[in-house]
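Place chain V on chain H using the hints.
As they're listed, the protein sequences go chains H and V. Taking the numbering used here, I'd label the letters of the first sequence as residues 1 to 228. Taking the numbering used here, I'd label the letters of the second sequence as residues 1001 to 1298.
Check the hints yourself; a few may be wrong.
Claimed, not checked - Here are the computed distance ranges between Cβ atoms for each label pair:
| hint | chain 1 | residue 1 | chain 2 | residue 2 | range |
| --- | --- | --- | --- | --- | --- |
| 1 | V | T1009 | H | Q202 | 42 to 52 Å |
| 2 | H | V16 | V | R1293 | 31 to 41 Å |
| 3 | V | S1205 | H | H112 | 38 to 48 Å |
| 4 | V | L1195 | H | P119 | 47 to 57 Å |
| 5 | H | G126 | V | L1238 | 49 to 59 Å |
| 6 | V | R1020 | H | Q202 | 21 to 31 Å |
| 7 | V | L1028 | H | V16 | 46 to 56 Å |
| 8 | V | R1020 | H | A197 | 27 to 37 Å |
| 9 | H | D24 | V | M1278 | 49 to 59 Å |
| 10 | V | L1195 | H | L134 | 17 to 27 Å |
| 11 | V | A1013 | H | R111 | 12 to 22 Å |
To be verified - Some chain V residues well away from chain H (every beta-carbon gap over 12 Å; in silico):
| hint | residue |
| --- | --- |
| 12 | A1067 |
| 13 | Q1084 |
| 14 | L1170 |
| 15 | I1180 |
| 16 | R1200 |
| 17 | R1208 |
| 18 | F1216 |
| 19 | I1274 |
If you're looking for bench data, these hints aren't it; they were derived computationally from the structure. For each residue, glycine too, the CB sits at the ideal point set by N, CA and C.
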Amino acid sequence: MIRFENVTKTYKAGTVALQDVSIDIDKGEFVFLVGPSGSGKTTFIRLLLREETPDQGRIWVAGREIAHLSPWRIPYLRRNIGCVFQDFRLLPNRTVFENVAFALEVIGRPRHVIEGQVPQVLDLVGLAGKRDSLPGELSGGEQQRVAVARAFVNRPLLLIADEPTGNLDPATSQGIMRLLDRINRTGTTVVIATHDAGIVDQMRRRVVELHRGELVRDQERGVYGYGT
Amino acid sequence: MAVSVEYVTRETATNLWRNRLMTVAAVLTVAVSLSLVGVSLLLRQGVAQATTQWQNGVNVLVFLDAAPSAPTVPTAQQHTIYQQLVQLPYVKSCLYRDQAYDLGEAQRLLDPSAASVLTVASTPASWRCVLSQPSEAQAVARQFNGFPGVAEVQYPQKQIRTMETVVHVLDAVFLVLAVILLLSAAVLILNTIRLAIFARRREVSVMRLVGATNWFIRIPFMFEGIVQGLAGALVAVLVTVALHVVLDHFAGHNASSLLYRMRTPAGDVATTAILVGMIGVVIGAAGSAIGIRRFLES
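Okay, chain H solo, but in the shape it has when bound (with noise of 0.2 Å):
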């Protein structure tokens, strides 16, 4: 599903952000991508929605190369991918049915289709009810359900998630990661980057760590483990 081959990333200060980076995830995977800040975590995932192209490396996503791939082609690249944020992201002066319908409006699907999957996915992460509210009236974890509700809507083959917890509390963080779990059973690829300790060593999957821009563990069935 996701492929990085020898990915070295500069940013024009000099700064390293990514350091000669291998690294396999199959599809189907769960995966945490772990670090401090500063370690490659947010440009591991900008490079994946090709909102950055490597200095050298390749980078397959979904049997494509996407390092070369042509301006044109970028939306159609995302639209296999979803995406959520620590800032949720959503559009504050549209209903919850309205912020995931969007996400399928402004790629052109038909409005049969949209009326049929928005409720679906809204079920799916236990909204259905406040489908007519505004994001200022849910809390926290609600408007992080609505994100990924938004991020999963299209179906995407990989769901990506940046801090996804980062402005919840840890019961609120374990029931976004058991709905992420539950994205992941149905066979899409979850990626997660993270430095909540606390949601990787309950989960105990995969965990793929970053430090300085150097990929320096990657082990199966792992807990975040940094710096002990």
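Coordinates of chain V only, in the frame set by chain H:
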């Protein structure tokens, strides 16, 4: 990828309403500048209409006696007149226009009721002469009026020349003003589009994230610019047509009045309106295209 009409209409309308003050400013600027363009075009057509006879530097018209048979080439007598004309030192050249041609021209210049009594047989043929010294036109007229075979000699009155000068100056001033205003209109539209994109930067970033194509993101903003340009153009067309109607009214039916001779046919007004509309659309599209470009480059 399908961009639904409903989506574009809704987004465009929302954008226009959110930026209504800027929109009004842009529309008014387009309207004023395009009104100037419209009036200037009508003036040009009017002058062309009033001075049809004097095109290609013709300075003197020597109308010949009409012949019932309406020959298409000069008769022997008419040829003699030609030789006499070109003998004059300040006559550069003369061109023969037969009766059918002159009838066609008269029908264009006169009002329909006057033109309807004309026939080819009753319309004179003419020699149209270009002078090296246009001021000598009067001398030609004096010499050839009453000449055998000559019905009448005409030359442009001073007023036509003055009018032409005045109109040309006005025309130039209008066009310069119009171009300056059109540029400011484009900049205003560009600015409203940037504001619209800025106001919707969250939406735009989510759209990019979930894989909306660049065209899908652009189209509502492009439309916003085009709608502004078109709205301004519509106001300008109304102004131009209204002016045309008012002038037409004042021109009345006096065939010798200048305004009457400057009347432009409705077809020309329609052409002008279409041209003005197209300029409006182009200005709107260009303004929004530039406004969008910087924001949507990834």
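Comparing the hints with the structure gives:
Restraint check, T1009/V to Q202/H: a C-beta distance of roughly 49 Å satisfies the suggested window 42 to 52 Å. Separation of V16/H from R1293/V is about 33 Å and conforms to the stated range, judged on CB atoms against 31 to 41 Å. Restraint check, S1205/V to H112/H: a C-beta distance of roughly 28 Å breaks the suggested window 38 to 48 Å. At roughly 36 Å, the beta-carbon separation of L1195/V and P119/H lies outside the given 47 to 57 Å, and the hint is violated.
In this structure the supplied range 49 to 59 Å holds for G126/H paired with L1238/V, their Cβ-Cβ distance being about 58 Å. Remark: the range hint 21 to 31 Å for R1020/V to Q202/H is contradicted by a beta-carbon distance near 53 Å. Taken as a hint, the range 46 to 56 Å holds for the pair L1028/V and V16/H, whose Cβ atoms sit roughly 55 Å apart. At about 52 Å, the CB distance of R1020/V to A197/H disagrees with the hint of 27 to 37 Å.
Hint check: D24/H to M1278/V, Cβ distance near 57 Å, so the stated range 49 to 59 Å holds. Taken as a hint, the range 17 to 27 Å holds for the pair L1195/V and L134/H, whose Cβ atoms sit roughly 24 Å apart. For A1013/V and R111/H, the hinted distance range of 12 to 22 Å is satisfied, since their beta carbons lie about 18 Å from each other. With a least CB separation of 73 Å from chain H, A1067/V remains clear of the 12 Å interface cut-off, as annotated.
Interface exclusion of Q1084/V from chain H stands, the closest Cβ pair being 76 Å apart, more than 12 Å. Every C-beta of chain H lies more than 12 Å from that of L1170/V, the closest at about 50 Å, which supports listing it as non-interface. The Cβ of I1180/V lies farther than 12 Å from every Cβ of chain H, with a closest approach of about 37 Å, so its non-interface assignment holds. At roughly 9 Å from the closest C-beta of chain H, the C-beta of R1200/V falls inside 12 Å, breaking its exclusion from the interface.
Not every C-beta of chain H lies more than 12 Å from that of R1208/V, the closest at about 8 Å, which undercuts listing it as non-interface. Not every Cβ of chain H is farther than 12 Å from the Cβ of F1216/V; the closest lies at roughly 6 Å, contradicting the non-interface assignment. For I1274/V, the shortest C-beta to C-beta distance to chain H comes to about 33 Å, beyond the 12 Å cut-off, and the non-interface label holds.
Of the numbered hints listed earlier, those contradicted by the structure are 3, 4, 6, 8, 16, 17, 18.
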